[in-house]
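Line order of the protein sequences matches chains G and E.
For the first sequence, our numbering assigns the number 12 to the initial residue and increments by one for each residue that follows.
For the second sequence, our numbering assigns the number 93 to the initial residue and increments by one for each residue that follows.
Keep in mind the hints are simulated off the structure, nothing from the lab.
Cβ coordinates follow ideal geometry from the N, Cα and C atoms, glycine included.
Check before you lean on any hint, since a few could be wrong.
Stated by the list, open to error - Stretch-level coverage of chain G by chain E, calculated; a stretch enters the list once three of its residues show a Cβ under 8 angstroms from a Cβ in chain E:
hint : segment
1    : 80-92
2    : 221-230
3    : 238-244
Claimed, not checked - Listing some non-contacts, in silico: residues in chain G with all C-beta distances to chain E over 10 angstroms:
hint : residue
4    : Arg50
5    : Asp55
6    : Ile60
7    : Arg95
8    : Ser105
9    : Asp129
10   : Arg131
11   : Arg159
12   : Val211
13   : Gln218
14   : Asp235
15   : Gln297
16   : Arg308
17   : Ile309
For reference, the chains in residue letters:
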Amino acid sequence: MNTRRAIGILRWLLPGLALMLVPVATAGQSLEERRDEYRAALRDYEAAIANRELVANRFYVLLDSLSAARTTGDEGVIDDLEGRVRSSSLSLQSDDAVVEEMAEALQEARVALLGVLDQRLDSLQFVAVTATDPVRRREAGIEIASLRAQYSAVEVEDLQDILNADRVSPFGITWEPRDTPATLQAKAELLQSKAQEIDVEIATVDQALERYRRAVELDRIASDARSTIDRFGDTQVPVRGGTTGARGEQGIVADTTGVDLESLPPQEAIFRLERHRVQLVFLRDQVLRRAQEFLDRIRGARGLGGER
Amino acid sequence: MRRSPLSRRVSACMAALTVLAVTVVGAEAQVRVDDLVFTTGASIDEYEGNLASVTAPVVDSTERARARSGQVGVRGVLLLYASGDRRVTGSFDLGLRQFAAEGFSTRDYTPRELAGSMDLTAWQRFGKWGNVGVQLALRGRRVDDRPPMPLFLQPGYGDVGGSITWESPLIDRDLRLGLRLDADEANYRAPDRVSALDLLDRNSFGVEASAEWGMASVVRVYTEARRTHYPRQSSFDPSDPFRRDRTYTAGALWRYRSSFILELGVEGAINRSNSSRPEYDAVALNLLLATPVPWWGLSANLIGTFTGKSYVEETEFARLVPGEEADNASVLFLDIARPVTTDLDATVRLGWTRAETDIGDSYYERFGVSLLFNYRPLAR
Numbered sequence: 012m013n014t015r016r017a018i019g020i021l022r023w024l025l026p027g028l029a030l031m032l033v034p035v036a037t038a039g040q041s042l043e044e045r046r047d048e049y050r051a052a053l054r055d056y057e058a059a060i061a062n063r064e065l066v067a068n069r070f071y072v073l074l075d076s077l078s079a080a081r082t083t084g085d086e087g088v089i090d091d092l093e094g095r096v097r098s099s100s101l102s103l104q105s106d107d108a109v110v111e112e113m114a115e116a117l118q119e120a121r122v123a124l125l126g127v128l129d130q131r132l133d134s135l136q137f138v139a140v141t142a143t144d145p146v147r148r149r150e151a152g153i154e155i156a157s158l159r160a161q162y163s164a165v166e167v168e169d170l171q172d173i174l175n176a177d178r179v180s181p182f183g184i185t186w187e188p189r190d191t192p193a194t195l196q197a198k199a200e201l202l203q204s205k206a207q208e209i210d211v212e213i214a215t216v217d218q219a220l221e222r223y224r225r226a227v228e229l230d231r232i233a234s235d236a237r238s239t240i241d242r243f244g245d246t247q248v249p250v251r252g253g254t255t256g257a258r259g260e261q262g263i264v265a266d267t268t269g270v271d272l273e274s275l276p277p278q279e280a281i282f283r284l285e286r287h288r289v290q291l292v293f294l295r296d297q298v299l300r301r302a303q304e305f306l307d308r309i310r311g312a313r314g315l316g317g318e319r
Numbered sequence: 093m094r095r096s097p098l099s100r101r102v103s104a105c106m107a108a109l110t111v112l113a114v115t116v117v118g119a120e121a122q123v124r125v126d127d128l129v130f131t132t133g134a135s136i137d138e139y140e141g142n143l144a145s146v147t148a149p150v151v152d153s154t155e156r157a158r159a160r161s162g163q164v165g166v167r168g169v170l171l172l173y174a175s176g177d178r179r180v181t182g183s184f185d186l187g188l189r190q191f192a193a194e195g196f197s198t199r200d201y202t203p204r205e206l207a208g209s210m211d212l213t214a215w216q217r218f219g220k221w222g223n224v225g226v227q228l229a230l231r232g233r234r235v236d237d238r239p240p241m242p243l244f245l246q247p248g249y250g251d252v253g254g255s256i257t258w259e260s261p262l263i264d265r266d267l268r269l270g271l272r273l274d275a276d277e278a279n280y281r282a283p284d285r286v287s288a289l290d291l292l293d294r295n296s297f298g299v300e301a302s303a304e305w306g307m308a309s310v311v312r313v314y315t316e317a318r319r320t321h322y323p324r325q326s327s328f329d330p331s332d333p334f335r336r337d338r339t340y341t342a343g344a345l346w347r348y349r350s351s352f353i354l355e356l357g358v359e360g361a362i363n364r365s366n367s368s369r370p371e372y373d374a375v376a377l378n379l380l381l382a383t384p385v386p387w388w389g390l391s392a393n394l395i396g397t398f399t400g401k402s403y404v405e406e407t408e409f410a411r412l413v414p415g416e417e418a419d420n421a422s423v424l425f426l427d428i429a430r431p432v433t434t435d436l437d438a439t440v441r442l443g444w445t446r447a448e449t450d451i452g453d454s455y456y457e458r459f460g461v462s463l464l465f466n467y468r469p470l471a472r
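Can you make the complete structure from the sequences, with help from the hints?
Shown next as structure tokens:
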């Protein structure tokens, strides 16, 4: 009887002790502190990315202008642009280093936060499993759900960060054993959302391509008209020495669609846009395939009746 | 058969161009075909004007003649060499046009034109001193069974020319100055029955200064002085027996590009000579408009030249002024074109020409409609 009583007391005490020990275990690394560190690291990283994008945009505009200047052989402009490209390149390298540093800090903060969340979840799950008091089990369950939501949110921000950085590799967004159906759903929806954004970008590229193709077509048809008329001297009766200077005969950039491509010959702009489009289509297909994999996993989990 | 001095020069230039091209190609093996276009087409033309021409073999009494014609042609642009400071390009253009002309009182004619040209151009950059370009060019045409007026076809000729062009670096990021020296020599083919064609032989040299500014909207102004010598034409001045002309030209061209292309040009010329016959003042307006039209993916292309000419002295004699007719030919072409596939364009062309003949102040007119196909085998 005494033994049974002692066991009964322990069944009450151990979960209580475990629950009390949870704050003790995380005393030096409280959840709030880790969360604050993570938020600060995320803000720093986003600021570094924004700054880097600004510099990168300037750099690519300069590169395109330099390419156009080399095509037309504008020596003075080439010299000027080469200097500015070198300077911008150094700034970009410096900003890349800052972004890398911030990304590492963010990753550390993220891992630390997820670690604390993991510990807290493990403790609570122990309480939820072992506690005989239904109130205590319910409180532990509510807190578990809350922490899982926080966990998912951190992972989702991680995904958004990857996607927004335009370095999307669907293979980098992987299934984790601790993924709940809600997490999987969030990952799938994010990927689908990104696929829609890529579709919009593809449509924009298609519109630009159409404009450039029309410009090239116009150049081609105008050139054909001139050459077929001049071939048999139908505009000159009879032939007289021409006065058109060599530069006057050069093709000139036709229709434009944007700042970066504006200074490029239409054929070159089309080549770049087509290459960009192929990359976008590939990326969209990969993103959708990965999203489908997450959805399949949700269905599989539900089919087995095992929802975490 | 004895070859003319020009023929020998043309052959020598052809050989030089070929050797130069082969040398360049062999040295760097960077040849790239930038454009290759095969053209075929058919036309129906009507010519009006009962005019004599001292350069045509016969005179016919008809005032109106018709011609059906078919043509084939090929042209291409080759990038032979390109480096940071140097660029060498070559281009060629060959065409064959066969007519079936009718409506003449003497007989029907089947004239055949064979025309060709090729040139080699090299550009070298000299840093802050600008760019220098050298161009060698050959042109020639042959006409068999050349009909009488009013079906005017240029006589056959051979022409060899060269030029040296200097371009300044960009000034204030926008302005570019240019200077061009050129010389050419033309020899007209003279069958036994039409020895007057020999009178068209000429050689000339000229210097042109130009300024150009703008990117999407480009303005180019230029002025040129040219001396032309006609070694077979008399000036009727015993102290200076052969005709020598001095031509002063000034012009401006505005070129605007957006979703359409518009070019407008005006050019004035003053021709003075040691012979009073060919002295004249002329003006020409040039137009080019290329624009998409909103139906069926069509594009419209309007090319026009409108000229006026005033002779300094009246004369009752024929004004044999070879080369000047170009200054006084008004032409208008309207092309409606559409891509059929990525490598094939189809064009319907309406054309009108009003040009002065060898008889001063006498004109013939041509109206025509053509269907043309341009095929680019290398198009992506």
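Consistency of the hints with the structure:
By the rule of at least three residues with a Cβ nearer than 8 angstroms to a Cβ of chain E, the coverage given for the segment 80-92 of chain G holds, with 6 such residues. Counting residues of the segment 221-230 of chain G whose CB lies closer than 8 angstroms to any CB of chain E gives 6, so the stated coverage by that chain holds, three being the minimum. For the segment 238-244 of chain G, the stated coverage by chain E holds: 6 residues have a C-beta nearer than 8 angstroms to a C-beta of that chain, and at least 3 were required. At the 10 angstroms boundary, the C-beta of G:Arg50 stays outside the reach of chain E, the nearest C-beta of that chain being 48 angstroms off.
Residue-level check passed: G:Asp55 sits 40 angstroms from the nearest beta carbon of chain E, beyond 10 angstroms. No beta-carbon of chain E is positioned within 10 angstroms of the beta-carbon of G:Ile60; the least distance is around 34 angstroms. For G:Arg95, the requirement that its beta carbon stay farther than 10 angstroms from each beta carbon of chain E is met, with the minimum near 13 angstroms. Annotated as non-interface, G:Ser105 keeps its C-beta farther than 10 angstroms from every C-beta of chain E; the closest such distance is 29 angstroms.
The Cβ of G:Asp129 sits about 55 angstroms from the closest Cβ of chain E, beyond the 10 angstroms cut-off, so the non-interface label holds. Every CB of chain E lies more than 10 angstroms from the CB of G:Arg131, the least distance being 60 angstroms, so the non-interface label holds. Every beta carbon of chain E lies more than 10 angstroms from that of G:Arg159, the smallest distance being close to 53 angstroms; the non-interface claim holds. Distance check on G:Val211: its Cβ is at least 23 angstroms (rounded) from any Cβ of chain E, clearing the 10 angstroms threshold; non-interface status holds.
No Cβ of chain E approaches the Cβ of G:Gln218 within 10 angstroms, the least distance being about 13 angstroms, so the stated non-interface status holds. Against chain E, the non-interface label of G:Asp235 is violated: not every CB pair exceeds 10 angstroms, the least being about 5 angstroms. At roughly 26 angstroms from the closest C-beta of chain E, the C-beta of G:Gln297 stays outside 10 angstroms, upholding its exclusion from the interface. The Cβ of G:Arg308 lies farther than 10 angstroms from every Cβ of chain E, with a closest approach of about 42 angstroms, so its non-interface assignment holds.
Remark: the non-interface label on G:Ile309 is consistent with the geometry, its nearest Cβ contact in chain E lying 44 angstroms away (cut-off 10 angstroms).
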